[in-house]
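There are 2 protein chains.
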Amino acid sequence: MAQKKKSKTSKTKSTVKSASSTMNKASKSKVHKYVYDFGKKTDGDAKQRELLGGKGANLAEMAKIGLPVPPGFTISTEVCTYFYKNNKKYPKVLDQQIRNSVGIMEKQLGKKLGDIKKPLLLSVRSGARDSMPGMMDTILNLGLNDETVEALALASGNSRFAWDCYRRFIQMYGDVVMGVQKLPSEDHDPFEAIIEDFKKEIFPKEKGEVDDSRITTDQMKELVSRFKALVKKRSGKDFPTCPWEQLEGSVGAVFSSWMNDRAIVYRRKYGIPAEWGTAVNVQAMVFGNTGKKSGSGVGFTRDPASGEKVLYGEFLTDAQGEDVVAGVRTPQPVAKLKRVLPKPFKELVAVQKKLEKHFKDMQDFEFTIEDEKLYMLQTRNGKRTGLAAVRIATEMVKEKLIDWKTAIKRVPAEQLDQVLAPVFDTAAQKSAKKLCKGLPAGPGAASGKICMNAERAVEAAKKGPVLLVRQETSPEDLRGMIAAEGILTARGGVSSHAALVARQMGKVCVCGAADLDIDYKSRTVKVNGSTYKEGDYLSINGTTGEIFAGELKTAPSEIIQVLIDKKLDPKKSRDYKNFSQLMDWCEKATKMNVRTNADSPSQVANAIAFGASGIGLCRTEHMFFEGNRIDAMRQMILADNEVDRRKALKKLLPYQRRDFQGIFKALEGRPATIRLLDPPLHEFLPHDQAAQRDLAKKLGVSLASIKKRVEDLHEFNPMLGHRGCRLGISYSEITEMQAQAILEAAILVQKSGIEVNPEIMVPLVGFPRELEIQVEVIHETAKKVFTAKGEKVKYLVGTMIEIPRAALVADEIAKTAQFFSFGTNDLTQTTMGMSRDDSGSFLPNYTELDIVDANPFASVDQSGVGQLMEIGVKRGKSSRRGIKLGICGEHGGDPKSVEFCHKIGLNYVSCSPFRVPTARLAAAQAAVS
Amino acid sequence: MAQKKKSKTSKTKSTVKSASSTMNKASKSKVHKYVYDFGKKTDGDAKQRELLGGKGANLAEMAKIGLPVPPGFTISTEVCTYFYKNNKKYPKVLDQQIRNSVGIMEKQLGKKLGDIKKPLLLSVRSGARDSMPGMMDTILNLGLNDETVEALALASGNSRFAWDCYRRFIQMYGDVVMGVQKLPSEDHDPFEAIIEDFKKEIFPKEKGEVDDSRITTDQMKELVSRFKALVKKRSGKDFPTCPWEQLEGSVGAVFSSWMNDRAIVYRRKYGIPAEWGTAVNVQAMVFGNTGKKSGSGVGFTRDPASGEKVLYGEFLTDAQGEDVVAGVRTPQPVAKLKRVLPKPFKELVAVQKKLEKHFKDMQDFEFTIEDEKLYMLQTRNGKRTGLAAVRIATEMVKEKLIDWKTAIKRVPAEQLDQVLAPVFDTAAQKSAKKLCKGLPAGPGAASGKICMNAERAVEAAKKGPVLLVRQETSPEDLRGMIAAEGILTARGGVSSHAALVARQMGKVCVCGAADLDIDYKSRTVKVNGSTYKEGDYLSINGTTGEIFAGELKTAPSEIIQVLIDKKLDPKKSRDYKNFSQLMDWCEKATKMNVRTNADSPSQVANAIAFGASGIGLCRTEHMFFEGNRIDAMRQMILADNEVDRRKALKKLLPYQRRDFQGIFKALEGRPATIRLLDPPLHEFLPHDQAAQRDLAKKLGVSLASIKKRVEDLHEFNPMLGHRGCRLGISYSEITEMQAQAILEAAILVQKSGIEVNPEIMVPLVGFPRELEIQVEVIHETAKKVFTAKGEKVKYLVGTMIEIPRAALVADEIAKTAQFFSFGTNDLTQTTMGMSRDDSGSFLPNYTELDIVDANPFASVDQSGVGQLMEIGVKRGKSSRRGIKLGICGEHGGDPKSVEFCHKIGLNYVSCSPFRVPTARLAAAQAAVS
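Taken in order, these protein sequences are the chains called A and B. When the letters of the first sequence are read in order and numbered with this note's numbering, they come out as residues 15 to 943. When the letters of the second sequence are read in order and numbered with this note's numbering, they come out as residues 15 to 943.
Worth flagging that the hints you see were computed from the coordinates, not collected in a lab. Hints are not guaranteed to be accurate.
One copy or two, either will do: identical chains are not told apart, so a pair holds if it fits within one copy or between any two.
[Claimed, not checked] Pairs of lysine-lysine, DSS-like flavour, derived with a Cα cap of 27 Å:
(1) Lys585 x Lys367
(2) Lys371 x Lys535
(3) Lys99 x Lys829
(4) Lys368 x Lys307
Okay, chain A solo, but in the shape it has when bound (with noise of 0.2 Å):
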């Protein structure tokens, strides 16, 4: 595929022989196998996605099991290393190994490229380890020139026909090979501004938009010729029309297509690392446009929003594949093929069958019917919902297609959330104005201001939710899509771009909607005589496809009705029974407990509904701001002398055991992980000058005094200033009360007969000696406190690792600590020097600038942070073997940084109680993979 070779190429027919017969001689040297074929001869199979793509390695697997594939081959992603490695060129090698597979692909076909009788025909296709849909460039069509169109023409019988596929060959090849695009300066595609234009030349009177199909052949011939001329004009040069030029033009542009903007920005967001590189698959040409016997269509073996099991998808009769993923015309459902094309559709339903017996999961295919012959393109795991997900692996496992731990991994952890998310509200939709009914593509509930632009989206998003409204959508509305709670569109089916990806994201979708007028120009929706302008609201329920005037109210879901409200009952709800038995393999599987982040019993009773095995993280400040205590906690702080402050803190003591009380009965014998007093003092004091006037009025204090303390501790950087134990140490008698109230309500609710495992824990130690201090004071305490109640409960005391010197001498610190918790909330703030509250005005733009893989305040930043971590639980083992560990930072529920957990020994997370059941099947995966 070498620049230089190029000249050489040319000569088609004359070459190819010649390359045919070195192929022996390339494989006795053993040289390094690059290019890999599928049809009659395969050699790849499924298991070789990382050499093959999943695209590559499926067309290799589907040849293997005998459905009907039209031959090709794939070139290995490690050529798309090598060329970004290598300054954009390729191995030796690779145009031999290319020449022998067309070889291959010729003689199986009884066709040749370039031929003028017969001539091979091809597809030129992107495929990534993992699916990247819409996000790779694609040439259909290849080996077209004006002789070989010709024969085409010939052989199909179809002289219109062929030429169309010459228009949109150079259509294609134009754009992604020689970048003629849309320049800024114009509104439209350059080439569909050409059509438009021949259009109204040649019907000069018609109003609206004129069929393509009413383009004559030899008018499609003028287009192709114009065309070309535009092509020349952009590009300075002539369109090739030597086959191999084309093909080695097809394959460097898909693989220059791996670094577009769109193909990042893409990756960014799934986590997929670039070294990985795409495969090219080369293909022979199969037809879906021949005519009414011929079509295009997208397949599911199961519904991918419901998860039901039927034969679903779409199709376009007289088409090819794109049109139907592009959603500019609307599909037909798959199943109406068993009355337009019954014999294909026959074979469709055995295909259907064969294919999930073989891959054992649902699989999201693309076929053409050429003539009524059925050709299968590709096929691969289908994308789905959170609640087909959940689906899906149930059923599967109850059709002993998978077995249960197979289930567990086949529910993306982060879609789990899905199925928590709320509905609308019966009532309120029952009352709403429903505007008409579109597919229903993403199911859930949303409600938005109506954007009708990704940029406009991603802006408006910042205030509120957003529903991105469009015609169709297109991988430059990404962002858009990121940033808004729903997507509606117009046009395209249940497979078109749009529902695609927002079910991958977990979007509420409906597309297809027909009824919408959408008028980017003057960004408002015409809908049964209404208008919406950009800006109002409208809300749409994805699980129906309904479109509703204005915001609608939402109601939880199946499964929080049963679990949380207890208002459904479980038997009625099968969203619940599939739910609650892959939550039980997740017990099963699992080696680290789940617990929550919680300070109220409701929030316990809630987590322990999800399956919490305690807490692992109780925050006692947010108790001091509950109704009067607040003016307890003020006078300890405004106190400037030990006796005042004792006089306070006992005022808050009742609360304390009151509260404490309340959470260990809720936990029901579960540990419960009880944090000191944390944040600087400041934050308990009221700032503005007529809060600390009633303050100075409550307590009987100068309002100056006031003014003074809350200058006094006012510090430049709080994070890290007098905070976390080092208010412990500065006023011991705060962790004294703290102490006594936490063992006191312990001994209380064991005498009710209740099991208590509190683990009290120490915040911001830094230094082995803080946490010996303060453990020395909190066995002091129970001491008294066991002695004067004359019954003991059994302790923990441990601490947080949460700031980088604590993990380097954790090893110190846990020959006092009997468990650790890593906070990773501050530990990410103080081992990036970033503070979360003021990281808005640049994090963004690092993650544009891909400084940052993702938000590290979201998933734990395992390069860095993580290796502290790893440090931390290395050390703390050394001297204490058996200690516990956890997290209880925002980490805690992000399935990722839970499998990094995993992976590091910790024995718990902890996360908010909505969060649980993610934690709980991201814990299960981890163990079982």
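Please build the complex by placing chain B on the supplied structure of chain A, with the hints as guidance.
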């Protein structure tokens, strides 16, 4: 020494023999040796400091070289360690070993412990590895009881002396062992109170102080009886009569004193680990208080203040050693001995020479003369001022006592800045009101507010310079001495506590200023008719001993006058010549360079005069505050688009370029590490309304827009906010302008024939990609500048390692960075999660509680921050072998940190210009040790 043996050991005489006879048995069975003899039989030597403590090891050494040392033995530091590890119990074999050693002493002296005819009397003293003057307790005259006191009377022929010894013994033992001490309700020591009351009884008509010598033998007996009654009343126990019990109690008290508050404070200040423990020295008593032919003294082999080679020191006739140190009677200069006691004086001069020849360092020794016979009680390396240290080290090399490498080690690096410290301005001193004169005990110039108590001194020192003014000082005053600028006492000589400690700390000190009439009650100092209250200013010249009224202007030291002001001929200054010699040796020894932190040509010039090898940190932001530039800077910050920012930056460019030109010129080819803009932008904006209004007027914008921008830039934790390279990434035009200014300046200076070595440093990098992005901007700018100017300069680009993540991913960063500079200020803040600006509210308490060894912002926290530095060094080198490594935090001038930097393999340290000599010395010491 075990408790249960107490009853047995009371049978003094009878047990001694049998104890002695078991000695051979014990040594045969290879029992661990805990007790080391000195005298005729000497086990240890000077090398065994760790085991025997400094005093014990040197007593052994002196005995070995034939100096007149009273016999005795040392209980090793291992016993102390054992004692604290085993709940204050002793090794089982200890008791037996002590009895053996007492037996050896008895044999040598022909006396016996508890013998009623020839009783052996003992001193019991602590002796740690490093001298801790006055920190721990001492017992003298041990062995006296109602029977042995009569024997002592008979033997000495001086009954009064014998009973005085007994009285003193009860007082010391009662205090130290039996805990009879001043109660909080009392004004005076209870023993002293008894003496005072008794004096009033026997001399009812006397006013003022009655000299102790007027107390008769019988009266002394009465005192003894009253002392015993006090002991009984306070402790509930009889004063022990058995010498073995007395010995056991005394040894226990010495070991216990290792953990008293004074000792802990002292160790903390001097970084002595508690694990070292102390030894106990038991020695036969000799008496300096038997009459006029006796005396005790302290001597130095050279003048510890100036370093001059003279026999220096002082003595008191008819006194025990403690009397000299206590500073209660002002002693005579040692030279006067020549006249008073010529024979022992001659011996002393011989001892002086022998000591220096043998120990090869200036010695500080204690001696007692008993009836004209000289005894050596201690020798140790003498503490000295920085000035004396430099002089002694350089002169000892000339005298061929030591080599130049040893000389380097002899000057404590942290004392070196004393030789640079200012002295009083000659004119100011001349015109000042001279009050009186004391002894020059700590050289230098100090002015401060009078403070007469340690606690108040600590408080007052927070507001301004303080002079601690006391009758005499004692270990209780330590904190006050640390806090004060200088120390002034009315009593005590140059070897008094005040003088000793002041010299060690490098504090200015004048002592024994007898004209001062100090009244603690009224908090006044009266001198020659004037009265000064606490809070009034006094000034002291510690080099001359002069005391002045008011605050005095200071002038630079000789070395500064030579090197910086160039107003003094180097040949005329001995101080300079010694200093310069030492620095030359350092240069010869050093592997690590010392650079300076400097932002202006004049700072650079100073640093070079001190031997800096380049700039380690040039903070460019300081340059933005000068003159009109701040307006352009503010204009840049207020701009809301790149075009306006570039306009403002264009104004700043010529200023920066000119600054860098000056710096490059001053460096004369030495390298300059220049840090790009680092602080958050809000630091450049005015925060008060008036200044904001001025700025608005100046820039022609609205006040509101300025307020808005200030508000937008507000951060909760600016330390962790939008600063460092985060600014350069958000606004690459800032990086461009700075790189342009640096490189254009470099070219201009290079064109003038001066070599330039710019090293451009990107701050606050945490992610490899951050640096890549900034480096790209710098290289692009360089290309443009080189093209425009038609000339190139070589330059490096590197980064600071100042957040933990950077150290952890240093291998990745080093792929782009050509050098690392450890920014240990920020690295300390982030690693510890501790803001330097805010830690004042708890860090002092942390030192008190032994949570931190030293202020981590002054000396690198080696076990935490140091670990990250080591990781950074290791990983940095792993991907770039020859990477240049330096440090530019405040720690670069701290000797301990410099040593650490040498250890981990940095190429240079960087510090403020005036710390350069200290850092050079520390670097040389690290290299030679």
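Results for each hint:
no., hint, verdict
1, Lys585 x Lys367, "neither (30 Å within a copy, 103 Å between copies)"
2, Lys371 x Lys535, "neither (50 Å within a copy, 101 Å between copies)"
3, Lys99 x Lys829, "between (50 Å within a copy, 17 Å between copies)"
4, Lys368 x Lys307, "within (24 Å within a copy, 119 Å between copies)"
When each numbered hint is compared with the structure, violations occur for hints 1, 2.
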